[in-house]
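Protein chains: 2
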Amino acid sequence: MTIEARLASRPDVERRAAMPAGFRAAGLAAGIKASGRPDVALIVADRPVAAAAVFTPNAFAAAPVRLSRSNLAAGLPAGGGRFGTAAAVISTSGCANAATGAAGDADQVKVGSIVAAEVGIAPSEVLHLSTGLIGTRLPLDRVAAGVNAVALALEASDAGLLAAAESLRTTDSVVKVATTTVELPGPGGSTVSARVSGIAKGVGMIHPRMATMLAVLLTDAAASSAALSAVLRPVAALTWDQLTVDGDTSTNDTVFLLASGASGAEAVEPGSPAEAALRSAVEAVARDLARQQAADGEGATTLLTCAVVGAEDDASARAVARAVVASSLVKAAVHGRDPNWGRIASAAGCARLTDAAVLEAAGLAPIEAAARAGSAARIDPERLRISIAGQRMFDGAAGGPQVFDQAAVRAAMDALEVVLELDLGLGEGVGEAFGCDLSETYVTENSEYTT
Amino acid sequence: MTIEARLASRPDVERRAAMPAGFRAAGLAAGIKASGRPDVALIVADRPVAAAAVFTPNAFAAAPVRLSRSNLAAGLPAGGGRFGTAAAVISTSGCANAATGAAGDADQVKVGSIVAAEVGIAPSEVLHLSTGLIGTRLPLDRVAAGVNAVALALEASDAGLLAAAESLRTTDSVVKVATTTVELPGPGGSTVSARVSGIAKGVGMIHPRMATMLAVLLTDAAASSAALSAVLRPVAALTWDQLTVDGDTSTNDTVFLLASGASGAEAVEPGSPAEAALRSAVEAVARDLARQQAADGEGATTLLTCAVVGAEDDASARAVARAVVASSLVKAAVHGRDPNWGRIASAAGCARLTDAAVLEAAGLAPIEAAARAGSAARIDPERLRISIAGQRMFDGAAGGPQVFDQAAVRAAMDALEVVLELDLGLGEGVGEAFGCDLSETYVTENSEYTT
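As given, the protein sequences belong to chains A and B, one line each in that order. So the first sequence is numbered by the working numbering: it starts at 15 and just counts up by one. So the second sequence is numbered by the working numbering: it starts at 15 and just counts up by one.
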């Protein structure tokens, strides 16, 4: 199937905060950020619900990541900390609570106790997110006051979800929200419309595995936590693991997916058409959030999409797409609206498959995933075709470099999205990756961050 | 052995062009570069000599890379294109002759024929280098005239080698040369002093495996080409594979090592003390050239060195060092002289070992290299220590973040070299990597390259 056909088969996504049934949310400013902007978000389910998570693989996983993992494992050891039961998600922005040692872990446990007491749930039912500067401690007094206040502000409304999304932001220039609906089997042969909504933040220290920074996906569909995890892991592999802003994988990356079941739909069973429909909806929301994150990358002036077709298989296609959007030289050229296709060829020529865990999440058998992890993606210069903004620049089968209208391409590249298309001419594999241009502003912003 | 001890055991290196016996060289401007700067270099051995090479793994390997590999294989099929016999190295700057298809290959063959005719050797004894814009054809008329002229200018002098080094440059702000001497067994129990010299260019599209751009190492020591290759491969793994400027691995990366034997030293045998001495000398020259390349990275204002001790093993130490100097966020922080150690911790926490070929070149057994390629380097946040410019910022065993004098560190970072030291506290493994800060100038230069 071509990328275009796959896109056509995806549910439509709206960029608005639409609260699924069974959840309440709020966000407000607790004074963690010096700017006085909103920095605490709380999402609460009406009752304990199924939850799945994908976390950063960074060895310096932050205190909220470690506590979320152990809370999920406490409720359901079989889930290995990747899925279980949850009733609330608390998020603090402005302080990552990473590399803060045992004291930072203790701080995060206190945050969980305060949330649990305010909401009337067990501390192990609280999931934690945080983002901001690495190596500084949470200002516990302010966080405690903020949690008290945000618990009183909870709303089962779109406005509540939007307020939570606002509070996730750090250097994001815009709020990141997306929603779609999916038709699922209901009681007695009926059909029920369930909602899938997501909120997320970017925008620096973003790279595949995980490339997320933070995202929370909520649905009023019903599923066991194991089934939710089976939906979430491949979605992350196809969307956030294909996103890069700057090549750095953070200490705090987390995606949560919570399912309230409040739509009245029947529980989604693994392998069923309903699971495929739910996965498609979750993927559509996740992909749209990833594109919003890429477009708002630090210093970015354009979303950079690389679409690869004709690869040996999908894993190779995704590897090539990722290598191209991760190249500093490609990104700088796109910033200058310079159709420098040679840099695209060079980046594609060095593409390597991702690690075994992500390959397996994306559908490869464990043995194949282990064998192919990190291997070079097959590419043949004599079959490759490269197009920028719809204009063919290189055709390996036709002697290589092609004559093209440079002024026209430069003009076409002066857009909010620049699409680089590669046809490897080797098979049926397709894949895409998302990034942004590299600007002087990225450097300036990141030279002046701590102080 | 600590890094300091290893450094102390390295031969001293001088940054000057010192021609080893048995070679002649020259460089001049042939008009390939619009700037009118020198762009053709020729190095000729007095007779066919042993040669070893390391090439880019990029699937888009440029025409000179492919032709060099096949010339080496033509003389000595057992060398697999990695070692054999050569009598000349021709280099053109300003045009990469990459992604130019069959026409580009034919151009490079013509260059070889012209060199062979001028010098009076076989075309298969010519090794080729080129660097510059990808996707453009060599201006053959100008190259031919340049080769005629440069062959007449050959000198067995330091000035000849310096002229060749000048002609390698593209965006390099300074010429890159290094030399050392090594005492080797001579005839009848005597000792002979042999010279090892290198010339190289940077300075963009530089990343491990290969991170070279171009380098030519010459020695008047004697060795078979297989023995030379056994010296060169681990040296490249320890030096150029630990160098990164911008995360892009080019289409043209090449290192050549040629041994004339003209010093009168006996041929170096694999496994002998003489081989160890020669390897140490070659490594010292290669390491110094790599540091020159890093310091002159596009837009760089400082050399960034990461020294890792206490790793589980050397391969893990090199992986962590490489991850730190490759991090855009670390590089941007160093540019701002900002002691943002949290970014160092985050980058170290995601370090992964390099691929099997480089691990094997660095000394791992093939099975171990295959098993560990791409795996996460072991790191324990509770044992890690991080220092910047000699000041301890993080000590995992002492609660994490440490109080330090920020103004003093910022002042110490305002230097031509910033050293980041990590002690992993896990074992005896040591390693280092070289990079540079990320500046607005890098972005500006690379947004405006083609046009």
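No lab work stands behind these hints, which were simulated from the structure alone. Some clues are possibly wrong.
As the list claims (entries may be wrong) - Only some residues are given here: those of chain A computed to face chain B with a beta carbon under 10 Å: (1) N72; (2) A112; (3) A117; (4) K345; (5) L367; (6) A387; (7) P395; (8) G413.
The beta-carbon is built from N, C-alpha and C at its ideal position, and this holds for glycine as well.
Hint check:
Residue-level restraint check for A:N72 holds (minimum Cβ-Cβ distance to chain B is 4 Å; threshold 10 Å). The interface hint given for A:A112 is met, as the beta carbon of that residue sits about 7 Å from the closest beta carbon of chain B, less than 10 Å. Against a cut-off of 10 Å between C-beta atoms, the interface hint on A:A117 holds, since the closest Cβ of chain B lies about 7 Å away. Interface restraint check for A:K345: the shortest CB-CB distance to chain B comes to about 9 Å, inside 10 Å, so the restraint holds.
The interface hint given for A:L367 holds, since its Cβ lies 9 Å from the closest Cβ of chain B, which is under the 10 Å cut-off. With its C-beta approaching chain B no nearer than about 5 Å, A:A387 sits inside the 10 Å limit, and its interface hint holds. For A:P395, the suggested interface contact is upheld, since its CB lies about 5 Å from the closest CB of chain B, less than 10 Å. The beta carbon of A:G413 comes within 5 Å of a beta carbon in chain B, closer than 10 Å, and the hint placing it at the interface holds.
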